[in-house]
Structures are given as structure tokens and as C-alpha cells.
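Peer 1: Model the full assembly from the supplied sequences, consistent with the hints where possible.
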Amino acid sequence: QVQLQESGPGLVKPSQTLSLSCAVSGGSISSAPYYWSWIRQYPGKGLEWIGYMSSSGSTRYNPSLKSRVTISRDTSKNQFSLEMISVTAADTAVYYCARTWDFWGQGILVTVSS
Amino acid sequence: DSVMTQTPLSLSVTPGQPASISCKSSQSLLHSDGNTYLYWYLQKPGQSPQLLVYEVSKRFSGVPDRFSGSGSGTDFTLKIGRVEAEDVGVYYCMQSTQFPTFGQGTRLEI
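Heads up: the sequence lines are chains A and B, in that order. Here this note's numbering is used: the first residue of the first sequence is 2, the next is one more, and so on. Here this note's numbering is used: the first residue of the second sequence is 227, the next is one more, and so on.
No wet-lab data here; the hints were simulated from the structure. Honestly, I wouldn't trust all of these hints.
[Stated by the list, open to error] Computed list of lysine to any residue pairs in SDA-like fashion (alpha-carbon distance at most 20 Å, straight line):
# : chain 1 : residue 1 : chain 2 : residue 2
1 : B       : Lys250    : A       : Phe104
2 : B       : Lys270    : A       : Gln4
3 : A       : Lys46     : B       : Pro271
4 : B       : Lys270    : A       : Phe104
5 : A       : Lys46     : B       : Leu256
6 : B       : Lys270    : A       : Asp103
Peer 2: Spelled out as C-alpha cells, the structure:
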């Protein structure tokens, strides 16, 4: 069974960059036909898809976040990452990584505050 | 964007009774490849969402057969044949025919 685990800082200052990683076990992020996603859940519980990366490394992003987000990967570590620039308090959320769309990580709370 | 609207927003069910949740999309979810990418998730308290149903009506591995999905085009339904205490949580529909969007969630209580 595929398992995913998010890691990264739980507190980021406004205007700085949010950086998270997702370690994958039980499956390779380079194996077709899977995609690997980042999703976030706001404190009010709404869910928002951020973007995904294919097994070949191509990416697709939510148009509302595209200018601020980059998803990358390290195949040697079997992990993929999220970078979001210029964060504000509105980016405070639980961030999930997932194998699109069956297995999800446990999530990591990221708070944007000075 | 496909806006996903769920009803009801909350549901109180007696154990052993059925339950039904509706999900309506602002656009048809039929993809040009012939598939309809509509999913149902359950988020139990303190946990991440877990997949129940994919592509409208296919139950994910290990999901009890009391859960069933149906629908087409813009109208979809998740039915729970006989609700059990472990079914408590928030149910979300999600589409990925266009860029992925989620419904606002339906809270099920016993």
C-alpha cells in the first residue's frame, strides 16, 4: 500500500516562501500512470487542489495559484515537493500530498504569521 | 471552473437507516475520453480524506458495499445503504474532468 508523509515548517512568515516535501513509500513516483498532487484544506474545512506532477515530471497547477506555486521532485529520494512564494495569512491551511486520487498523507498544518 | 454543490450540508441518521448525499456540478463531468471523473471521499474526525468511490460508481478497495455511487452528466449521488456509527464524518465530492474542484462537504452525524 502506498504511504505518503508530508514534512516542512509549520510556521512561515508573511511574504516568505512555503516549502513542503512529501516522502512516498510503497510505490515509485516515476511509475505510470500515476499523478502526485498537493491539496490544501482551509480552517473552515474547504478543500482546494493546488497542482500535480505526472510520473514523467510534467506539471499542472490550479490557475488561481499558478503564478506562486512550483511542484518539483527528487526521484532518487522518491519524494516530491511544493514551493509557494509570497505567502499571506490566507495561505494558512492543512497541506496534503496525495497520489491522485486514492492515497493521501496525514497532512501538515502550515500557519502564516509574523 | 466546475463548481460542485452538495446537499444537504448536514445529515443526522439513525444507525441502520439509509442516507443519501447529492452533488451537482455546474458543468458536465463527461470527459472527451468517455469517462466521468467524479469521486466521493469521507473525512473522519482528525483524519485525511479517504477515497470511497471513483469514476461515479466504482467502489475503492476495502470500501463496504453499503456505499454506492450513481449519476451522470451534472448530477451525482452517494448512497449509504445502512448507516453505521463508523460512517460519521464529512463527505466530499470531487471532480477532475476539468481542473479538480471539491464540493463544500456534507457532515453526517449519528
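Peer 1: Run the structure past the numbered hints and jot down the numbers of the failing ones, going up.
Peer 2: Violated hints (numbers, rising): 1 and 5; every other hint is consistent with the structure.
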